[in-house]
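Following the hints, position chain B against chain A.
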Amino acid sequence: DVKVTQSSRYLVKRTGEKVFLECVQDMDHENMFWYRQDPGLGLRLIYFSYDVKMKEKGDIPEGYSVSREKKERFSLILESASTNQTSMYLCASSFVAEASGRGDTQYFGPGTRLTVL
Amino acid sequence: AQSVTQLGSHVSVSEGALVLLRCNYSSSVPPYLFWYVQYPNQGLQLLLKYTSAATLVKGINGFEAEFKKSETSFHLTKPSAHMSDAAEYFCAVSDDLKTSYDKVIFGPGTSLSVIP
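Top to bottom, those sequences are chains A and B.
Here the first sequence stands for residues 1 to 117, numbered as in the working numbering.
Here the second sequence stands for residues 1 to 116, numbered as in the working numbering.
It is possible that part of the hints are untrue.
The calculated DSS-like cross-link candidates involving lysine-lysine, where the alpha carbons are at most 27 Å apart (straight line), are [claimed, not checked]: (1) Lys103(B) to Lys71(A); (2) Lys55(A) to Lys103(B); (3) Lys71(A) to Lys57(A); (4) Lys18(A) to Lys55(A); (5) Lys3(A) to Lys71(A); (6) Lys71(A) to Lys55(A); (7) Lys49(B) to Lys57(A); (8) Lys70(A) to Lys103(B); (9) Lys55(A) to Lys70(A); (10) Lys103(B) to Lys68(B); (11) Lys13(A) to Lys57(A); (12) Lys103(B) to Lys57(A); (13) Lys3(A) to Lys58(B); (14) Lys49(B) to Lys3(A); (15) Lys53(A) to Lys103(B); (16) Lys103(B) to Lys49(B); (17) Lys49(B) to Lys68(B); (18) Lys70(A) to Lys3(A); (19) Lys69(B) to Lys49(B); (20) Lys3(A) to Lys103(B); (21) Lys18(A) to Lys70(A); (22) Lys57(A) to Lys18(A); (23) Lys69(B) to Lys103(B); (24) Lys57(A) to Lys3(A); (25) Lys55(A) to Lys3(A); (26) Lys53(A) to Lys70(A); (27) Lys103(B) to Lys58(B).
Pairwise CB distance ranges (calculated) [to be verified]: (28) Ala53(B) to Val12(A): 39 to 49 Å; (29) Ser111(B) to Thr115(A): 16 to 26 Å; (30) Ser9(B) to Ile60(A): 16 to 26 Å; (31) Arg14(A) to Lys68(B): 49 to 59 Å; (32) Met83(B) to Lys3(A): 19 to 29 Å; (33) Thr86(A) to Ser111(B): 18 to 28 Å.
For the record, the hints were derived by calculation from the structure and aren't laboratory data.
For each residue, glycine too, the CB sits at the ideal point set by N, CA and C.
So here's chain A without its partners, still in its complex pose:
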């Protein structure tokens, strides 16, 4: 089974702190994603990576950066946390859907619930 793990389930930080959220997958997936989940808004894509050291902005990248130094690990960084970044953060991974050209099944970690005070 695919396993996606996230470094923390719950995290509480202060405004202005630098925050690191780590995600590791064990299935050699090329693609990795960071989403935030807020009530009534579904999942919104923050950043995406399709290869080591490669990244692309998603729909809401402002206030976030990412790092992918190894294929299995994808980090989300909040350079200076703000209260409006209080949310559930979900990491996901998937194979490249080369044959279909469409996004295919994503495998999710358990999520990190971040509270910024």
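Just chain B now, with coordinates in the frame of chain A:
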């Protein structure tokens, strides 16, 4: 452009009753369609997906969904609800062949409650 709507942010059913969760999508090309489930304090997991094969798709835990192109719908059903089905359900669509990444758009979710 692709989008997903889920009618009803909250649905309540009695244990043993039919579960029907609605999903409509917009797509300019034949889509891939997904249903994911999220149990409390967990990530999402795939229930089932449609990838242009059979229009009736069977998934895990007794769920199934039918792709209806004429109605642009992909509603999720289960004949008899169980208490363990209480969760958040997300419909998702993927059809965009031109973006630089494997884009999947998620709906806003439907919270299912099962009443004993």
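Exercise for review: Run the structure past the numbered hints and jot down the numbers of the failing ones, going up.
Suggested key: none
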